[in-house]
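A.B. asks: Given the structure of chain A, go ahead and fit chain B onto it with the hints provided.
Protein chains in written order, with numbering that gives the first Met the number 0: chain A, 0 to 197; chain B, 0 to 371.
One should not assume that every hint holds.
[As the list claims (entries may be wrong)] Okay, derived cross-link-like pairs now, DSSO-like style, lysine-lysine, Cα gap no bigger than 27 Å in a straight line: (1) A/K48 with B/K361; (2) A/K46 with B/K361; (3) B/K358 with A/K48; (4) B/K77 with A/K48; (5) A/K48 with B/K341; (6) B/K302 with B/K38.
[Stated by the list, open to error] Computed from the model, here is a short list of chain A residues facing chain B with C-beta under 8 Å: (7) V53; (8) V59; (9) I60; (10) E61.
Worth flagging that the hints you see were computed from the coordinates, not collected in a lab. All residues carry an ideal CB built from backbone N, CA and C; glycine is no exception.
Residue strings, one per chain:
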Amino acid sequence: MKTEYKIIVDLIEEKTRVLDVGCDDGTLMESLKKNKNVDARGIEISKDKVQTCVSKGLTVIEGNAELDLKQFPNDSFDYVVLGQTLQAFVNPEIVIKELLRVGKKAIITIPNFGHWKVRLNLLIKGTMPITESLPNDWYNTPNIHMCTIKDFVKFSKIINFKIFKSLALTNKNISNINNSNLFYKNLFAELGIFLIEK
Amino acid sequence: MNINENIKTLIIKKPLKLDCGKTINNFPLAYETYGSLNKNKDNAILVFHALTGDQFVTGINPVTKKDGWWSYAVGPNKSIDTNKYFIICANVIGGCMGSYGPSHNNPDTNKIYGTDFPVITINDMVNAQVNLLDHFEIKKLFSVVGGSMGGMQVLQFISNYPDKASTVVPIACTSSHSAQNIAFNELGRQAIASDHNWSDGKYLSNNTLPDKGLSVARMAAHITYLSKKGLQEKFGRKLQERDALKFGFDADFQIESYLRYQGSVFVDRFDANSYLYITRAMDYFDLVKQFDGNLSNAFKKTKAKFFVISFTSDWLYPTQENKDIVIALNAIGADVGFVEIKSDKGHDSFLLDVPDFLKTLKNFLDKSYSER
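Chain B with its partners taken away, still in its complex shape:
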């Protein structure tokens, strides 16, 4: 990974006890901020990224030189308005954009961790990120916002720190990773592990990269982020730069070529071991079980205002799983709004130009901010 000087890092000195039992300390947490913190320090929003995201939410990502992953939603006058709010986003621990992860050195052996890095959880991720509040001397965030795995972090955050956010926006997520989600993640992990170059996770020491495996993992996952209708409309059976089938195994169809491209660009920016660690953290996420089968108890201590958003064509984190969160909140009389946005763009809808979604998110945040 090309870690460069554009990455801001906070060294967390306070020991963090991980769910796996191990304790880490003096570890780096890479983060980025947008907009400026006001005098009262009450305009901060902590954005949590999804599986393959990073701290570079908007603008040009200085490492990949591409648009930030949430450029549609975050920026001046956008849904999460950088003219108004101070936005903080951290790379999750286990990740590969500067935060402590499997590509870092193990201080005990002075070798790259690889799969010796401790298994981390969504809970560990948010417990690491809460240190950013102390760093910026923020007592209470105006909002915590995130989609997909970012949404899971949102739920875990408000459950762990009920007084540390006024509004809570989980998007296209779940309170408990389903068997189908675990299955897709396992497919990705097995694709990586079956690449000879993975070398049991020691590829960085061996100077080889499991690009093939990681790219297949990405291709499979990418399909789950789209909808059948969206794929059909965009690609159908269109052929790739040819007039007829070639009777071979080249990418005859545009969809094949598209997926191969998605796989190939992904390996340039993502670490295979990080992919294993982060998907594992998602699979282990079960807030319902953490509260002995009663999700409502996860939110009992908070007075925050919730707004849950799902998408009609998202089959990875379907509306019902999002609604389960709403039901748990209503059961304890919490302040919760909910809307299912109509979109053909599948799970990825929250990352894309979906005007109804962007407008609704903006309305909720701006209205809540003016009434705070």
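Bound-form chain A, shown alone:
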């Protein structure tokens, strides 16, 4: 399993209710059910992946987070997870607000656009960066709102949500992000993982 998922599983308390937004093939949901005895639900936009989830016995609805989070009542989940898709939404602000309305807490992971390889790629080649975690060209990428770890921290102040825990993933190593190391983490982390609250 991806290190990212292991970190998320660790962040989530046992026997809670979790909504995985963009749950892909259900790998994270399965692990949450198995390791944390979680009541897990998923939303996934791809029909094929929904069918894969169903074959694993997972409760998943086919849908789009921007449209389909509306149907869930306030605080209906203990955690809502959004893995590496915030940058693909038309309006990330509304999505974050919806996540925190539906869930008491949210876990958001973002591919860090501030990573040195990305910066170097743009600096030297002068074209939009293509890396392992960002494999698409500018014209066919689903990522329309890329951000850096620093941007996300700033965003928390702009739209007013609390970052409860922030972790950096660098070469499969996990470390805490704080104000004093933000510059370095923003340069070296491939992924930022944030546990947030209203």
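C.D. replies: The following block gives chain B in isolation, referenced to the frame of chain A:
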């Protein structure tokens, strides 16, 4: 109707108060079963049929001698696996395959009911069928499954009997019949009523049959079960056994011939008055209104696991209407999965060989059964 010895019938003694206010008792409910009930009696699935279906879900229908209406989905190792589950299906009341309906005798007058048969509803249908659980001494069904009008019965069943099923699978249906659906049903009813042979519903006493009207009703309805793309791909403008247009009103086009054929075979197996009664029951179906405008309340008492399925090309019961059910369930934190299956086969997709659908249905049932 050629009712024969192949039809199993349960006589329901318990009086059933219908939505129309009348009460019926000692009435027959025709049913069929497939597979076998296990010791714990926890492997039973109640399948509900659609408008023109009957209790003969799979195998050869002993009355029509044709394949059962859900042969693709139900059978050994199929989506609804008869090796694993005990499948029960009943002919709806108002129907014409042995259950109490307009072609039966009215005990008060000793004449065939015709349109004197009480108007029935989806609610009445499921309240009649729940008696089958007592008959088989089943406390709780593993699942209730059905497409189209069968799906409406699924929703009504779990709303009426929240503890009587562990899983609930409404397919290609709606919680409230739309104006468009009512309009198409009315077209069918008017086609029947305008056939002189219908004789205000007394045709069985007069020994005439409104075949023309019923067949036109079927032709119109059949179009609504397919998609424009499906029709275009299958028929296009292909001509029927001729090289050129004949400049007349024969069936020049294959699609015309196909529809005429569909109409003509339908009248051999279906009763015109039953068609009126069942379409009426569908039109009256409004679970949202039954719960004062809040569909969620219909499902508040159940802990069942739901799985809703719709089809991309179904314009009769479109995805949005199926999704409304999902939304109502999510609003109360119910356990609900949902998928829209890609298919060009229109509303009929659930009856046809649509591998993604058949696979998904099987996966859901088998996984839920093993985790029960």
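A.B. asks: Hints the structure violates: just list their numbers, smallest first.
C.D. replies: The structure conflicts with no hint, since it agrees with every one listed earlier.
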